[in-house]
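All chains should be modelled from the sequences, with the hints used to inform the complete structure.
Top line first, the protein sequences correspond to chains A and B. The first sequence begins at 1 in my numbering and counts up by one. The second sequence begins at 1001 in my numbering and counts up by one.
Errors might be hidden in some of the hints.
[Claimed, not checked] Here are a few chain B residues that sit away from chain A, every Cβ distance over 12 Å (derived from the structure):
{"id": "1", "residue": "Ala1034"}
{"id": "2", "residue": "Thr1076"}
{"id": "3", "residue": "Asp1161"}
{"id": "4", "residue": "Gly1191"}
{"id": "5", "residue": "Glu1196"}
{"id": "6", "residue": "Gly1204"}
{"id": "7", "residue": "Leu1205"}
{"id": "8", "residue": "Leu1222"}
{"id": "9", "residue": "Ala1291"}
{"id": "10", "residue": "Pro1367"}
{"id": "11", "residue": "Ser1430"}
[Said to hold, decoys possible] Just a few of them, taken from the derived set where beta-carbon distance is under 7 Å, the chain B residues facing chain A:
{"id": "12", "residue": "Gly1197"}
{"id": "13", "residue": "Leu1198"}
{"id": "14", "residue": "Tyr1274"}
{"id": "15", "residue": "Val1314"}
{"id": "16", "residue": "Asp1316"}
{"id": "17", "residue": "Glu1318"}
{"id": "18", "residue": "Val1319"}
{"id": "19", "residue": "Glu1320"}
Hints in this document: simulated from the structure, not taken from any laboratory. Predicted model only: the values in this text are computed from it and were never measured. The beta carbon of each residue, even a glycine, is placed where N, CA and C say it ideally should be.
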Amino acid sequence: MSTREIKKVPTLRGKTIVNLFYEASTRTRTSFEIAGKRLSADTINISAATSSVVKGETLIDTARNLEAMNPDVIVIRHSAAGAPHLLAGLVKQSVINAGDGAHEHPTQALLDMMTIRAKKGRLEGLQIAIIGDIAHSRVARSNIYGLKRMGARVTVAGPATMMPRDIEQLGVEAHSSMEEALVGADVVMMLRIQIERQHQNIFPSLREYAQHFCLNRKNIARAQPDVLVMHPGPINRGVEIAPDIADGPFSVILDQVTNGVAVRMALLYLLTGGNA
Amino acid sequence: MNWLIKGARVIDPSRNLDAHEDIAIADGKIVKVARRLTPAGKKGATVLELPGLVIFPGLIDMHTHLREPGYEYKETIATGSEAAAAGGFTAVACMPNTNPVNDNRSVTEFILRKAGEKNLVHVYPVAAITMNSQGKSLAEFWDLKEAGARALSDDGRPVMDSAIMRRALEYAYSLGLPVISHCEDLSLSAGGAMHEGLAATELGLPGIPGAAEEVMVSRDILLAEYTRTAVHIAHVSTAGSVRLIRDAKARGVRVTAETAPHYFTLTDGFLYGYDVNAKVNPPLRGEEDIAAIREGLRDGTIDAIASDHAPHAVTDKEVEFEYAASGMIGLETSLALSLALVADGILSLSELADKMSTRPAAILGVPGGTLAPGAPADLTVIDLQRPWTVNRDELRSRSRNTPFLGRQFTGKAVLTMKGGVVTYSDIPGSDF
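Set out below in structure tokens:
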């Protein structure tokens, strides 16, 4: 539908979707907004900077006020893990987690899996390498759960400071070297390195990180010849991914963004009473 | 009022007593404990027939937060005293992290005055180790002791400076004041919301490693050993801490330790679902930690069970998990959770009475912990068979922050007596 000339259907006319964003986001918020609008829902964006959050209102009070205005779906992005869980327990509306702390980002995992399946025709049996700051990554967690469920094999790699405790117990293989994780990979997911984390001393410098954990022309040769390169964005060119790889033939980074709209449209449709 | 208590099983670890004996009480003191006593004395005595029930020396909770002064919306000395009596306690020690901090005589005296007005439990103020608990300069221990402080602690705001801790141990020891150490390396725990383990990884919550506690347990043991003083380790939560304390005791270091019921009852797995009422500091740990704490209780490494009763209002708790205050109330559930250790065969009833009464009295250096003639008539009557449910409307504490709401227990305090006065009674048909 996103490729049609008139990109709008009346399916969700009269439905209201609130995008409640407590954390900065361009891609995810825009994606949800476009998804809602293409289905003719009324979408309202609330960002923490402009709402009563700055006046010290609690999430619980914000939720009750939103509920009183009777929207159909609340999409929440929050820096605190579990915030969508808290919200869902309070309101009668459907709640979509658009990313909570280092916990989960389920719609990202859905769009990633959609992208892989569109390109590879399957998920089962594929070897997926997720590389970077696993400890702080909600994208990694949701993808691990989703991909494992669909029968893929998942390896993760990063410096030990970026590996969450007992990650192996989630059924993944963990490596401290990127080269090991790349061997035979059908898909490589690079994670964004958050520069501000340098202050927590989980890596000494971007320079050193890039020397050992940047996906480039050389180390990608360890993966399958038809490897897919993915990244949830926004990318740090030259830090975790070389520009020629991000823009190169293996990259499906922009397909991910396109599929994000489709996945979110499907989700909104299903949650507002549509039948699969 | 004078009493003659008949028919109960009397357990007094201070005298290795576990027998069906009668207890005669007059003028607030225990007069005699023996078989087949008869009412005597000029005034006569009220006879209490308590067949099938168990009597402990009055329970002493050596680690509570009564929140007054400053946080009366969470708890007051009055409501905390009611909760304590209902939980079977005749005495509580209250931590200094009030507002203002209990770092000077006027706050200590205020606490004692408020406690005296209510007069339901003995309240033993624990004063701050450093001024305003900032870890920089020692509080006036001598003056605090004279005002009525019974111990010193950095609970909630640990002394990070090892030199200050060394001086605190030395100075306090010379005054006979126990130092209760909250062991937490703040640089290792910074930003953490729960135990660092699989559950934290899955929940995406920042972790607090067990090592954050163990590093400081090691430090305090080494300091106590070197300075030939003593230290009491608060709320032990990890297997590593149990091991360190066991080893230190074996080589003669004067270290004692307590744990709280939640550390031998719940694991970090309880946090799936982000229950803020189970957010505590130190955090709920893993299975192997629980096993080690139970073993530490069994083999005597852990001397005492204390509730770490930490009341918080709804406004402190009903927020995102990471922002929620740490702590749970415990005065009214501590005994029931600890009785489970007896049911599980880890402790005998006498050992439990020791850990909840006799040892805390000895560590704090306060009266009680015994049913010997001449001792104050502080005692707790327990019905081991009584089923009950934690009901949010029946809790005496001003706060409701416990993950045990709705939980069913077997066994509770049915009568609490302090100085010969009944401070709580839940015996059907009785009227005191």
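Let me make sure I understand: some of the numbered hints might not hold for this structure. Which ones are they, in numerical order?
Per hint list: 4, 5, 6, 7, 15 and 16 violated.
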